[in-house]
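> If you read the first sequence in my numbering, its first letter stands for residue 291, the second for the next number, and so on.
FYI, nobody ran anything at the bench for these hints, they're computed from the structure. We put the CB at the ideal spot given by N, CA and C, even for glycine. Careful: at least some of the hints might be erroneous.
[Stated by the list, open to error] Restraint-style ranges between C-beta atoms, simulated for each label pair:
1. Arg314 / His349: 30 to 38 Å
2. Asp370 / Arg332: 30 to 38 Å
3. Gly322 / Arg298: 37 to 45 Å
4. Arg330 / Val351: 17 to 25 Å
5. Ala320 / Arg345: 27 to 35 Å
6. Ala405 / Arg348: 29 to 37 Å
7. Arg345 / Asp370: 28 to 36 Å
8. Thr408 / Ser350: 22 to 30 Å
9. Arg402 / Arg332: 19 to 27 Å
10. Asp352 / Arg332: 15 to 23 Å
11. Gln393 / Arg314: 27 to 35 Å
12. Asp370 / Arg348: 31 to 39 Å
13. Ala310 / Ala381: 30 to 38 Å
14. Asn354 / Phe308: 13 to 21 Å
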Amino acid sequence: MTDRRFGRQRRVLAREQFDAVLRRPHVRMASGPFRLVARRNRAGFARLGLVVAKRVIRHSVDRNRVKRCIRETFRTAMNDLPAVDVVIRLATPVSDIRETLPQEPLNALWLRLGAWGTSP
RNA sequence: UGAGCUGGUCCAGGCAAUCGCGCGUUCGCUUCCUGGCGAACGUGAGGAAAGUCCGGGCUCCACAGGACAGGGCGCCAGGUAAUCCCUGGGGGGCGUGAGCCCACGGAAAGUGCAGCAGAGAGCAGACCGCCGCGCUGAAAGGCGUGGCAAGGGUGAAACGGUGCGGUAAGAGCGCACCGCGAGCGUUGGCAACAACCUCGGCUAGGCAAACCCCGCCCGGAGCAAGGCCAAAUAGGAGUCAUGGCGCGGUCCGCGUCCGACUCGGGUAGGCUGCUUCAGGCGACCGGUGACGGUCGUCGCAGAUGAAUGAUUGCCCACGACAGAACCCGGCUUAUGGACCGGCUCACCAC
291 MTDRRFGRQR RVLAREQFDA VLRRPHVRMA SGPFRLVARR NRAGFARLGL VVAKRVIRHS
351 VDRNRVKRCI RETFRTAMND LPAVDVVIRL ATPVSDIRET LPQEPLNALW LRLGAWGTSP
């Protein structure tokens with residue numbers, strides 16, 4: 291069975307790591323309301339960072355839902371990803387968050403990022 | 001049975017399987033140490049966590065005392081750590097009623113404000129009107145002059161109301177009742193206030209979330225508070241070594257640069273503050289009640305790029321508002337459902 295654990299070492303937490311990814315990314319992608327930037331790291335596995343602004347989604351309940359959804363899709367897809375630091379940013383408001391969690395665009399992003407990793 | 005008023009309690013989809021997350025305890029492995037990894041067990045958002053509108057605790061800063069400015073509060077008593085909160089009471093308004101609502105000190109200290117209508121809007125006023133007298137006219141009436149404000153009309157509001165007497169017509173002009181004011185009157189009440197008595201013929205309209213006056217209260221900032229540890233770079237202080245250069249004829253010495261070491265300040269970053277309390281639950285006691293007291297019992301999130309999720313199946317028959325960020329007590333606002341009282345009105349039956 292593959293390791294699906296998603297601990298602290300799998301996250302982009304430090305400010306300098308964040309800035310490095312955002313300022314000098316190696317790849318940019320977009321899907322639906324999400325913007326993805328990534329930069330190769332030396333950790334040997336993929337790491338995730340999140341940006342969900344208050345001005346995009348007002349209520350903290352909805353922000354938490356979006357973050358959980360991103361983390362969960364990352365967790366299921368991370369073993370097929372290259373060793374990169376990824377930052378996912380929600381760029382435009384998602385009005386119907388309540389009914390449908392936006393998993394399809396996220397899964398599409400992970401697929402494309404995996405393909406980018408295997409063919410440099 | 002219907003309509004309605006009101007007080008309170010509880011839940012916040014459930015179960016199972018798999019994959020995951022934060023924190024704590026224990027154990028194991030690893031590591032020079034800080035620590036890292038793994039396992040087991042425990043635990044893990046709200047009634048509003050929200051708005052940040054009040055009140056405290058806590059922390060730092062300021063502070064001899066007083067006055068002014070500025071702001072807040074405003075019937076009385078109690079509760080409380082404290083309040084603009086809560087409880088009980090008083091007064092006023094609304095409702096048939098249960099009940100609900102009230103920023104509820106002062107307008108005989110001053111200043112100010114009041115559209116339209118209306119004759120007149122503050123120690124006012126006479127448009128229609130009422131009455132006396134004079135002149136005129138056959139009369140109805142008209143003109144002049146004086147008295148008046150009852151009735152009409154305007155207005156949110158017109159300088160007490162109703163009735164009787166009185167009068168030329170009228171008027172607190174007189175009387176009765178009601179209203180209003182005064183007494184530091186009597187009685188009841190801790191008090192707000194109420195009831196009664198005596199006096200006053202009415203003088204003193206409204207607005208103080210208009211200025212204002214009176215009484216009471218208030219220092220400022222907030223956990224990004226505050227405390228500790230502390231890279232790199234630049235700069236500071238000191239010590240040492242004496243190497244170069246300068247002032248000296250030389251030595252000593254002084255200045256300066258470089259080097260080594262030490263010290264303090266301090267940024268990134270890390271740690272702490274950080275969850276055990278004005279704490280929950282139960283029993284008994286005191287109190288109309290808010291609440292208080294005694295005893296017993298329980299341990300209940302502490303994240304920090306920020307933890308509660310995902311998938312599948314079944315069930316109730318579809319789940320609203322919504323996410324802790326130093327902590328409490330209130331208020332306000334949003335919101336799905338279940339249950340238990342108390343009371344009022346209407347109708348029917350007895």
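> Now, for every hint given, state plainly whether the structure supports it.
How the hints compare with the structure:
no.	hint	in the structure
1	Arg314 / His349: 30 to 38 Å	34 Å, holds
2	Asp370 / Arg332: 30 to 38 Å	19 Å, violated
3	Gly322 / Arg298: 37 to 45 Å	28 Å, violated
4	Arg330 / Val351: 17 to 25 Å	35 Å, violated
5	Ala320 / Arg345: 27 to 35 Å	19 Å, violated
6	Ala405 / Arg348: 29 to 37 Å	35 Å, holds
7	Arg345 / Asp370: 28 to 36 Å	33 Å, holds
8	Thr408 / Ser350: 22 to 30 Å	38 Å, violated
9	Arg402 / Arg332: 19 to 27 Å	23 Å, holds
10	Asp352 / Arg332: 15 to 23 Å	35 Å, violated
11	Gln393 / Arg314: 27 to 35 Å	29 Å, holds
12	Asp370 / Arg348: 31 to 39 Å	34 Å, holds
13	Ala310 / Ala381: 30 to 38 Å	20 Å, violated
14	Asn354 / Phe308: 13 to 21 Å	20 Å, holds
Figure legend: structure checked against the earlier numbered hints; hints not met, in rising order: 2, 3, 4, 5, 8, 10, 13.
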